Amino acid sequence: MKKVLAILLAGMLTATAFAGCGGGGNNNSGSKAADGSQTESKGDASAAAAVDPSWPDASLFGDEDNITLKVWAPDKAVDLVKTQVEAFKSHYSDKKFASIEVVAQGENDAATLIVNDPEKAADVFGFPSDQLNKLKDAQVLTQVAPALAAQVQAMNAEKTVTAATFDGQLLAFPETNDNGYYLVFDNSVVTADDAKTLEGVLAACKKAGKSFIMDAGNGYYSCIFAFTGGAEIDGFEADGTTQKFKEYDEATVVKTLMAFAQLMKDYKGTFVSQDPANISTGFKNGKVGAGIDGTWNSQPDKEALGDKFGAAKLPTIKVGSEDKQIISLFGYKYIGVNSHTKFPRSAQILGYYLAGQECQEQRAKQIGWGPSNQEALKAVADDAILQAVAAQAENAVPQVNVAGTFWTSMGTLGSEMYKDGWNPADEAATKKLFEKTIANVRDE
Amino acid sequence: MIKSYKLRRHLSNALIYIILGVMCIIWVMPFVYLVLHSLRLDGGVIDNGALLPKQFTFKHYIDLFAGNAPSGSGAATLYFPQWFLNTFVVACFSCVISTLSVLMVSYAFSRLRFGARKKLMNIAMILGMFPGFMTMIAMYYLLKIMHLDGTLVALVLCYSCGAGLGFQISKGFFDTIPRALDEAATIDGATKNQIFWKIILPMSKPIVVYTVLTSFIGPWTDFILAKIIMGDDTSKYTVAIGLQKMISAEFRSSYFQQFMAGSVVVAVPITLLFLKMQKYYVEGVTAGGVKG
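So the protein sequences, as listed, match chains D and R.
Just so you know, the first sequence maps onto residues 9 to 452 in the numbering used here.
Just so you know, the second sequence maps onto residues 14 to 305 in the numbering used here.
Treat the hints with care, since some could be wrong.
Said to hold, decoys possible - Label-pair restraints from in silico Cβ distances:
id, chain 1, residue 1, chain 2, residue 2, range
1, R, Leu98, D, Ile375, 24 to 34 Å
2, R, Asn81, D, Lys104, 36 to 46 Å
3, R, Thr227, D, Thr205, 39 to 49 Å
4, D, Gly176, R, Met142, 41 to 51 Å
5, D, Ser196, R, Asn26, 58 to 68 Å
6, D, Lys350, R, Phe146, 50 to 60 Å
7, R, Ile230, D, Trp430, 36 to 46 Å
8, R, Ile139, D, Gln374, 28 to 38 Å
9, D, Asp242, R, Leu33, 48 to 58 Å
10, D, Thr199, R, Leu65, 31 to 41 Å
11, D, Ser196, R, Thr227, 23 to 33 Å
12, D, Lys252, R, Met142, 37 to 47 Å
By construction, these hints were calculated from the structure, which means they are not laboratory data.
Please read these numbers as outputs of a predicted model, since none were measured by experiment.
Using N, Cα and C, we set each Cβ at its ideal position, and we do this for glycine too.
In isolation and in its complexed conformation, chain R is listed as follows (with noise of 0.2 Å):
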């Protein structure tokens, strides 16, 4: 038995600091591989077993946004600068749609009394209870009876109009909002619209961002939904469909890298928006869940 308390304290701290480097090595070392080899020299799936490569360039990052295809690949329709545009463009508007969605939906609920406000909410709980991709091909069909298949807007249209649905959230951070301040923004004439856009938003920025972090990964990770949309249209696929063609077994021996390369590119985006917001979105993932 250690007597010393010091001693013991700083004998489980290392224990406890043993344990959690371990598992933070496992975790980022997937990371830190696809960075470290999408930057390796000589091209091919892995460098024979080496973990580190041995030279280090930018070649492929270079060829990857010159789209330049490697030779011997034959490949005519890989060309992800036009991919990521695609992506970032989907990602925007249905980002922009859906937070206001969200957000009104959840106003709506958490601030207007009206008749059949817990039917709908009920309804909204068991509509997205089920998984989305049971209606997937319904979904297909309808966008081609309004000759919206194979478009980007039908990709927009599919992430962004359900967003309504998961307002429970951002409802629970709504309700934590006095009443008080309502009323006395009624009292000073203001209408339920007024008060949404200038008291509860301003008073929300934690869920806003939340909500816009959500709802921009999205497109960016969704690859079903955009690969039975987009058919065999190259030129308006997503980043997700995209690179998962460069490891088909057409390309997989001369993309490898490339798709490397678009993998760790692909992160850019999420993560400075990340960093921006990310001192609201720690206090918005909290304060949502006290009532959500």
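Just chain D, same shape as in the assembly (with noise of 0.2 Å):
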């Protein structure tokens, strides 16, 4: 008797701690569904209303006034961005705003934050293309009102666009199409012309006796390996998540793959694969002639270059007599509005403003931050860097629909080609390796 009371205590001890858990989460599911309907209707009543390019119509804030806004930007965006909200409070001089507070966040935690507590995250926050299925499975994200859609759409870069729709409904307003990677190079080391093929490249910084550096054992670089052979991904299955592939010539896979091996061995100990943080670092010390790095190193790396640095999307690589373009994986960032906002209109239109052109432009200017607008990308086109990443963008993949299990897979595939025992001329190795890798990925 004694022992079957302990446990009852127990158990409605522990039943009330799960009470609290599963009430939090109810009423997030229902305000959740109110804000959604809110903002719908929010949409179509504002459909009507034109649209000034870089400023929308004041009468698209409805009866919201005394606005109080969160704005989530990385850290080294924060004074800029803090900069654009007084320039949209002051051109909406008559509406009042009692606060817009701009907070550093980085983007990678963005959705983590939101997601555990939307209320009392950011109302308008920047984020990675690889966090929208996640944001959109929680429903945190408005969806862009159709008065502002269609200018979004006409003016930013389609595949920017496209990435962030779904079922026809836009969920986030592009901000930049830069989250990748692209060829960096020492100018004295690598001219112009060599760095148009990835046999060029790794020739002359053999000669300089200098380093080239890309990490083949991150997945996140290595990939660009099957994608170039024609192993592009394409989303999820139907199932919703098991990678799926676009259609491939394994052959042709397996021979891109062998012609990779045969460079990293014909040039063991000019191709490292290292960390691309330390690129930086050798261009400082001068160990390094050349690398592939995001474009969130590329400060650290002009600044160790300084006149020396040079730019451009990825090389090619001879595959039997054809001269490919690596393909890579390539991201875009967004500006997100919080469904959970007590201002939704507002929201999106300091949203719209903060990824619009002129809020575009100043940070490409400032920052180097990529635009995915159009007229933007025209304005910095004397940017070496912004336009090797623009280049690079229309030879990517986009980093949206990723399977967890890709990374890793991907990471092998590139480190066992690294490896000292492997054989680049053993076809049937690589092959055995490539369809290793591609059931990884899709779990099998």
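Mind assembling these two chains? They're in different frames, but the hints should get you there.
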């Protein structure tokens, strides 16, 4: 009897602990649904209003006044976003803004924090494209109002818009088209002509006794081996979790992989697989001639090399007799509007403005973020990095709907090929390795 | 077969020392690497494979405490001294509260006899078996109802309020103290409360030290809970979340060395406390284990 009582008591205690949890969850979904319907009706109401490309009509604010908003921007952009918010406030000077707070919050954490507690999170926030699904599934994104959507679609790079469109609804404002990697080089070692082919880059580095850094063991970078051969990912299968691939010719993929592995072997000592964070250090101490680095490291790379800094889209690689363009994985950044915001209309307009041409141009010029807005991109035509990045974006697979199994499987593919004992001429082994990689990615 | 006993002993000793030495090197290596590379002059993640840095500097420690952002990082919210202070304050408070609560609970279970004693001990055991992170989201929403989310008070509450559940070891220790002492004190007119403070506690230094140490270390190492509670408020971060932020993709290439320096600095208060209390500590762990 005593034992039964003890168990019952313990059970009750745990039950209360869980009840708190469940209660919180329910409240959430309730308010979510309410907010969702609110924003939808708002979209319809304002559909008729005309839109100025940079400043939406003040009537879109509806009856919202005494506006309080919170904006998340990464550390690098905080100061700039603050001035942009000031410009926003002064443009709509007949509206009363209680406060628009800009809080530094890295984009890589944005989805986690919002899903944890959407009510405390920012109303307007920046996030990378690979969080789109998570945010969509958690129903924390507000659909872009139709009145603004047409303008957004017309002004931004097509891929960035398509990636954020689900069932015909645009869920976020494209903010950048630059979340990827490209070729950086020391132009005293690698000439612009060398930079066109991977063979040229490696030969130039070898000649100068410097290394070429690429993180071949990291799936984020090493997926270029399979992508270049044609095995590109294409969202999920119908089950929503299994990675789908575009149709590819396995023989071509294997040949491409062999070509990469051959280069790694031929240029052993020059082709070094390392964390890309070492590229800027290597530029500084003169040990590195070129590398494949992400846009987030552009600043340190550029500072390390100064005038000698060179940037280009990823080079081509010779497979058989053909020069194949290297295909990379490429993401975008978006500005999303939290569906739990108390001022959905104002948040939309602010999101629209912050992701608009004027703000994109300012960010491109001041902190080097590659614009998704086509006009803003033209305005920075003299920026070598941004142009290289934009060129690479054309030869890339969008980083949306990537399965969790993708990263390590692709990483293993790269590190196997980079291994000392790997024989690049062994077609059967390469084929086996590739098939295993695909099976692992698809979790079969 | 080696005949000489002396030779055999020397041989086996040598073998044991070699094995121990190798294990020791493997174990110590990461720490040595951490310290050496936090002092490395040239920046970057690794010195292109070099194990030993070529030039040394204290620059990264100075930058860390002065809150200097490396050029090009664009960091506006990475301020280690604040994080360090936050963690230290939280650690001190939760250390005091949880030590007291653990010892009091243990005393009650060890010395007092009351109706639900056995049942409560069983419940505590069962509750202790649930992994803590299961209730984290619930805790967050409870704190939010009380408007405590995003505050250091919330952290102190979370770290110290459940501490009483971990009474087993110190109860085991208290059980080894003869009850005759309590009875003698009772005859002299001491209350249960006085017995706890004047008889039991002075005799239990080792276990007090053990409890202090474990509860002080908690806040320095906890990541998930602190992250959930603090959200986007970087000024309230603890060192664990702060250091993680330093090696996120955003800051990795510019902050790596400050991260190394920060990791070394975090070890300092814990080490100091440990050194100060070390002589009691060993005694505490073994003594409690006899009956615990």
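Consistency of the hints with the structure:
no. : hint                               : result
1   : R:Leu98 with D:Ile375: 24 to 34 Å  : holds (30 Å)
2   : R:Asn81 with D:Lys104: 36 to 46 Å  : holds (39 Å)
3   : R:Thr227 with D:Thr205: 39 to 49 Å : violated (60 Å)
4   : D:Gly176 with R:Met142: 41 to 51 Å : holds (49 Å)
5   : D:Ser196 with R:Asn26: 58 to 68 Å  : holds (60 Å)
6   : D:Lys350 with R:Phe146: 50 to 60 Å : violated (31 Å)
7   : R:Ile230 with D:Trp430: 36 to 46 Å : holds (45 Å)
8   : R:Ile139 with D:Gln374: 28 to 38 Å : violated (58 Å)
9   : D:Asp242 with R:Leu33: 48 to 58 Å  : holds (56 Å)
10  : D:Thr199 with R:Leu65: 31 to 41 Å  : holds (36 Å)
11  : D:Ser196 with R:Thr227: 23 to 33 Å : violated (57 Å)
12  : D:Lys252 with R:Met142: 37 to 47 Å : holds (42 Å)
The structure fails to meet hints 3, 6, 8 and 11 from the earlier list, while all remaining hints are met.
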